[in-house]
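Sequences are here, hints too, so could you generate the full structure?
Chain order of the listed sequences is E and G.
When we follow our numbering, the leftmost residue of the first sequence carries the number 6, and every step to the right adds one.
When we follow our numbering, the leftmost residue of the second sequence carries the number 3, and every step to the right adds one.
Heads up, a few of these hints could be off.
Unchecked claim - Below, in silico cross-link-like pairs of lysine-lysine (PhoX-like), each with a Cα-Cα straight-line distance of 20 Å or less:
hint, chain 1, residue 1, chain 2, residue 2
1, E, Lys-96, E, Lys-69
2, E, Lys-256, E, Lys-221
3, G, Lys-70, G, Lys-87
4, E, Lys-221, E, Lys-185
5, G, Lys-25, E, Lys-221
6, G, Lys-70, E, Lys-248
To be verified - Pair by pair, the computed Cβ-Cβ distance ranges are:
hint, chain 1, residue 1, chain 2, residue 2, range
7, E, Arg-281, G, Arg-109, 52 to 62 Å
8, G, Pro-53, E, Arg-515, 55 to 65 Å
9, E, Asp-217, G, Glu-65, 28 to 38 Å
10, E, Gly-143, G, Pro-121, 12 to 22 Å
11, E, Asp-314, G, Ala-101, 57 to 67 Å
12, E, Gly-143, G, Glu-118, 25 to 35 Å
13, E, Glu-303, G, Asp-152, 53 to 63 Å
14, E, Gly-79, G, Asp-160, 51 to 61 Å
15, E, Asp-123, G, Asn-151, 51 to 61 Å
16, E, Gly-79, G, Val-119, 40 to 50 Å
Calculated directly from the structure, the hints in this document are not laboratory data.
The beta-carbon is built from N, C-alpha and C at its ideal position, and this holds for glycine as well.
Listed here are the chains, written in short residue letters.
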Amino acid sequence: MSDAAKQITLTIDGVEVSVEAGTTVLQAAEHAGVVVPHYCYHPGIPSRPAQCRMCLVEIEGQPKLQPSCVFPAGDGMVVHTTSETAETARKSVIEFLLLNHPLDCPICDAAGQCMLQDYAFETGQLRSRYAEAKMVLGRDRVAEDILYFGDRCIVCTRCVRFMEDIAGDNALVVAQRGHKAYIDTFPGRDLDHAFRGNIVDVCPVGALVHEDFVFKARAWDMDSSPGICPGCSTGCNIEVNVKENQVVRTKPRLNPDVNSYWMCDHGRRSLVMSNRGVRAEAPLVRQGGELEPASWNEALAWIAGELGDATGIAVVSAAASNEALFYTRVLLDRIGIEGGTFQVEQGDEETLTGFPKLKLRADRAPNVAGAELHDFKRADGLPDVPDGATLVVVGDALSNAPADYGANAGFFLYVGSHLVPAAGNATAILPAATIPETDGTFVNFEGRVQRFHRALRSPGVARPAWMFLSRLLEQLGGEPGVREIGDAFAAMATGTARMEAMSWAGLGLRGELLSEAGQPAVAAE
Amino acid sequence: MPGEVRVVDRPESESSYIRAISKGLGITFKHFMHADKPTQQYPDEKWELGPRWRGTHRMAVHEDGRAKCVGCGLCPTVCPVNCIKLIPAEDENGERYAAVYEIDEFRCIFCGFCQEVCPVEAIHLGVHYENAEYSRERWVYDLARLCENDHPVTALWDPADPSSE
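What follows is the structure, encoded as structure tokens:
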């Protein structure tokens, strides 16, 4: 936005607002704090057919009501969104939309976050005047994992236009016309785009539903936390929806600098899977050949006693938070281990033509740049462990390691959330919280430091790795351990040159680029 | 140290207990002779309950015996004491149904919100109060037991006077 853009002033519902020339009335109304109900308009989809007729507003001097989503704001314009004419029009639109709507809100997965429900409740009328039998379309499968409930659909065509404008794949079409119109895949085509899940998010009603989510949770049953998708190095901003301490759904969260309104299907699945497998729930230390549970104090004191100056190697995970990696680095420095490697799972890259910055990137780990920032090196495989050496593993870096990995180590410290087979060789296991169970930061592919927040409770006494690693360092004679993420981040920012100006609070929810941003930590495309 | 006892000299007519006893027995005999006793001979004789009595739940069923519940989750949401447990699932026809539906009658305060909120008139309170059990577990009624209950359901308002709702 250049400063030269012409400012215009208009009045919306008595509120005077200044916007740039070229803004639509609907966007200007948002600035004025006035919500104009709408269905077909979506801020992330460029095409605006103005076909739902829900956003009609009265503009003085215009003979008829105008669709505010496409009507450009003009200087001195006076707009009424709640005048009698506008309200009547809106009420009629709702009545038409509800003619064939099954009103199955009690069993609809969108109930509670449905725009049709909200506006019908707000402006609609109590009883329908439609006396005929409602049309029944039933359900259809538009993609492998997406169901289409034709009866609920209001044919706003957001999904069709997302596929056309943003995904660049004309797989979805409006079939039939008029009141018989419904959404279907183009004959002979499959909806198999890697970003197809977004059509569920743009659907203003419950017509498109992820099969994974059908009947899983009501909108009001779920808690939501802001998070970062751990699926790849893009670091899409997400909302983690949790019910009864289980992640039931992840949705994209708006961040124009990273992912706009979108995320890929690989990412949607990544967090839901994070609780699979056997979890480490208590510190385990090897006493007389067996791994025995211990309290945190006992375990940390014992490890601090055993971990003297050592020669050895370190393996970390590129899915560990920056704070965990920072304290790992400090720990390694203290006990005299240099280097350290991580592996990154590779996958196919998937692109989104309408928002090129957002990709499903080949590096399928969220914090590759963060690991490199803390001087860990990318490696193709696990390093060989010299006999009798000290081995420090932080994060779930051993999920595909052979079961005897680390068996020949002199001292094997395993810090992870899952008890993978190789962890059975450990001298001590410290149970770490998984990504959705902790606060922390990741650095994405372009060097953007982004916060993620805790969404789940940890099992047993598992704790965030940064918390107990800082306490272990305290036992080894370092600074007092930290308990708050803000303190952990501050310690890291002080000790990391490219983060010096940052603070946990200052990062906000949109993140900040590492300094020297001209030199991205990982070569961007 | 015991205090000094003062003995009051009263006339015979005041200090005799014969009069008081015969007066009391007179009342006893009066009740004995008259039949209007408030005591109810429960359980031989049962209390007559009003149509709006709110007691043990009952689940309405379809003709084929399936519960009418669609598992929408409104009753556990509205329940002020969290006594309803519901896990919805999808049946073979793709319909939503309650895979698990349990009501803890011990915890229930019989407010009737669940019946009021139910969009398909499936869960009802009942005109019924006899639910003594030998164990606490038995007080958690599962779906099968709620469906088996056949006592009359509670009228939340007088059908003849809808404004009484």
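Verification of the hints:
1. Lys-96(E) x Lys-69(E): Roughly 16 Å separates the two Cα atoms, so the pair holds.
2. Lys-256(E) x Lys-221(E): Answer holds: Lys-256(E) to Lys-221(E) is near 15 Å, not above 20 Å.
3. Lys-70(G) x Lys-87(G): Holds. Lys-70(G) to Lys-87(G) sits at ~16 Å (cutoff 20 Å).
4. Lys-221(E) x Lys-185(E): At roughly 30 Å apart (the allowed maximum being 20 Å), Lys-185(E) and Lys-221(E) break the hint.
5. Lys-25(G) x Lys-221(E): Since the Cα atoms of Lys-25(G) and Lys-221(E) sit roughly 74 Å apart, the hinted pair is violated (cutoff 20 Å).
6. Lys-70(G) x Lys-248(E): violated (25 Å)
7. Arg-281(E) x Arg-109(G): 52 to 62 Å: violated (34 Å)
8. Pro-53(G) x Arg-515(E): 55 to 65 Å: holds (60 Å)
9. Asp-217(E) x Glu-65(G): 28 to 38 Å: holds (34 Å)
10. Gly-143(E) x Pro-121(G): 12 to 22 Å: For Gly-143(E) and Pro-121(G) the Cβ distance comes to about 21 Å; the hint holds.
11. Asp-314(E) x Ala-101(G): 57 to 67 Å: holds (58 Å)
12. Gly-143(E) x Glu-118(G): 25 to 35 Å: holds (31 Å)
13. Glu-303(E) x Asp-152(G): 53 to 63 Å: 60 Å Cβ-Cβ, so the 53 to 63 Å window holds.
14. Gly-79(E) x Asp-160(G): 51 to 61 Å: This hint holds: roughly 59 Å between Cβ atoms.
15. Asp-123(E) x Asn-151(G): 51 to 61 Å: Taking Cβ atoms as reference, Asp-123(E) and Asn-151(G) lie about 37 Å apart, which means the hint is violated.
16. Gly-79(E) x Val-119(G): 40 to 50 Å: holds (48 Å)
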